[in-house]
Amino acid sequence: MNIPEVIPIRHEPGYRTDTIGRYEGGQFYASVVAAFPEGWSGDDWQAVKRWHAVLHRFDEAGRHLDSRIESTGTTADGERQAIAAADLLLQQWLDALPGRHYQGIAIAPFEVRFEGALFGLVLEVDEDEEEDDEDEEGGVWMELYPDGLGFTAPWDGCYDT
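Just so you know, my numbering puts 82 at position 72 of the sequence shown, and the rest follows in order with no gaps.
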């Protein structure tokens, strides 16, 4: 497998990677996203689906520095209000980044857990997919959690949802 040490993520204004870029301290990935605790299953999903403002920061080489994550409510409490609160909080965090500008980034895999949910860029391998050639990467990808963005070869910053 030839998985790069840092995974490019393309900046797409007005879409899922609208709030990523660089600042004086390195790179950042920011989003408003809902998450469920790992392993959760049940019927009362509205009470468990938590909305978050998320700001991951990376150095210039793409190594994870820290993550700022704050829950703003559940879908059961009022999804619109929770999303609006997360949007407002995230904008405040972004406004505080010195020299911020939006553009594509390249980051290394990382994992953070918050309130039982996984946040990060994680290597995934489909054990059922057999590789016919050592150079092929079938069944291997990087998944951004909980955003649900999947990155694969040719590792050009494009993603699947």
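FYI, nobody ran anything at the bench for these hints, they're computed from the structure.
These numbers were taken from a predicted model, which means no experiment stands behind them.
Heads up, a few of these hints could be off.
Claimed, not checked - Calculated pairs, DMTMM-like style, for lysine to aspartate or glutamate (alpha carbon to alpha carbon, straight line, at most 20 Å):
(1) Lys59 - Asp76
(2) Lys59 - Asp97
(3) Lys59 - Glu48
(4) Lys59 - Glu22
(5) Lys59 - Asp105
(6) Lys59 - Glu125
Checked hints:
no.	hint	in the structure
1	Lys59 - Asp76	violated, 24 Å
2	Lys59 - Asp97	holds, 17 Å
3	Lys59 - Glu48	holds, 12 Å
4	Lys59 - Glu22	violated, 26 Å
5	Lys59 - Asp105	violated, 27 Å
6	Lys59 - Glu125	holds, 11 Å
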